[in-house]
Amino acid sequence: MHNYSLILPQYLNNTRLDKALHLLMVDISRNQIQKAIRDNRVTVNNQPVVDMSWKIKEHDVITINLRETIDKSPQPTAIELDLIYEDEDLMVINKPSGLTVHPGAGNHQDTLVNALLHYTTSLSNVGEPTRPGIVHRLDKDTSGLMVVAKNNFTHNQLAAQIVERSLVRKYKALVWGRLNPTTGVIHGNIARSRMDRIKMTIVKAGGKHATTYYHTENILLDGLISMVECKLDTGRTHQIRVHLSHIGHSLVGDQLYGHNQRKIAGCPQALHDELLNFKRQALHSWYIEFIHPRTDQCLSFQIALAADIQQLINHLNVSIQVSGKP
Numbered sequence: 001m002h003n004y005s006l007i008l009p010q011y012l013n014n015t016r017l018d019k020a021l022h023l024l025m026v027d028i029s030r031n032q033i034q035k036a037i038r039d040n041r042v043t044v045n046n047q048p049v050v051d052m053s054w055k056i057k058e059h060d061v062i063t064i065n066l067r068e069t070i071d072k073s074p075q076p077t078a079i080e081l082d083l084i085y086e087d088e089d090l091m092v093i094n095k096p097s098g099l100t101v102h103p104g105a106g107n108h109q110d111t112l113v114n115a116l117l118h119y120t121t122s123l124s125n126v127g128e129p130t131r132p133g134i135v136h137r138l139d140k141d142t143s144g145l146m147v148v149a150k151n152n153f154t155h156n157q158l159a160a161q162i163v164e165r166s167l168v169r170k171y172k173a174l175v176w177g178r179l180n181p182t183t184g185v186i187h188g189n190i191a192r193s194r195m196d197r198i199k200m201t202i203v204k205a206g207g208k209h210a211t212t213y214y215h216t217e218n219i220l221l222d223g224l225i226s227m228v229e230c231k232l233d234t235g236r237t238h239q240i241r242v243h244l245s246h247i248g249h250s251l252v253g254d255q256l257y258g259h260n261q262r263k264i265a266g267c268p269q270a271l272h273d274e275l276l277n278f279k280r281q282a283l284h285s286w287y288i289e290f291i292h293p294r295t296d297q298c299l300s301f302q303i304a305l306a307a308d309i310q311q312l313i314n315h316l317n318v319s320i321q322v323s324g325k326p
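Sequence positions in the sequence shown follow the working numbering and run 1 to 326.
No wet-lab data here; the hints were simulated from the structure. Don't take each hint at face value.
As the list claims (entries may be wrong) - In silico SDA-like links for lysine to any residue, alpha-carbon gap of 25 Å or less: (1) Lys208 with Lys279; (2) Lys199 with His187; (3) Lys199 with Asn125; (4) Lys208 with His108; (5) Lys35 with Ile84; (6) Lys140 with Gln161; (7) Lys199 with His209; (8) Lys170 with Gly248; (9) Lys279 with Leu221; (10) Lys55 with Thr43; (11) Lys57 with Thr43.
This one's a predicted model, so the numbers in the text were calculated from it and none came from an experiment.
Given only the sequences and the hints, what does the whole structure look like? Please build it.
Written out as structure tokens, the structure is:
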């Protein structure tokens, strides 16, 4: 048995009990949470609640008993951090590709959380204990900027900005093909695929609402590949990868969506090895903007493309010059 006690933050005031718990305990499935409610293993202010739709209020104390095995608390690991900014409340970090954000199945030591615990003892502990400081995530093979909370006040305020969609995140992506129109918006609810539980997919009913804005910045190899900037209105798992793949423009290097190797076959022969060896989605979080929770100052940060993506672009540009295309 595993008992957890949570205090409802202001941004989840008047939310359904099952939804609020799912948002606060993101590594626990909604089915697990709903089963605990049905089995009378959830209390609100020391009173048992078996109604999923019970609306809970700010500062309510929720306890939940989970029978399932939960990963042990993460331990510090000496992994170097690329710190872009830090103060007493938060950090902005440039996460490299290949680094998982938080511990999960099969990886309990070599994650960003382990690195954070080695760097500082000042991290928020809102929600799931395997995610101290983590307000939002990047996929393992996505590089770029993340903001980390060093206390619960900051965490709750930043999480509220994400819910209110005032925390701005912009990404650069190399995608297959030429988008038409070159600037637009992609809508499509996202849910886990029933055919492959590793993948997410667009669904007509259910799932979570997701919106991605995109703008084409550059067209390479006569439209074979494009550089696209994406801005998230929501932040669902694999959102940019799923949305762009859904409209026929999956990310270069993406091993999960979009038949990457098949598309490489249509590239100039000189680029085949370079593209085949690029084993991660060419996606980089280059810009983040938010209101500092304590000072109310608008902070924005931006960084250059990750070195491996920039190197791939350099090779693409060389190929364009050799072929004589503009």
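| When the hints from earlier in the document are held up against this structure, which numbers fail? | 1, 3, 4 and 5
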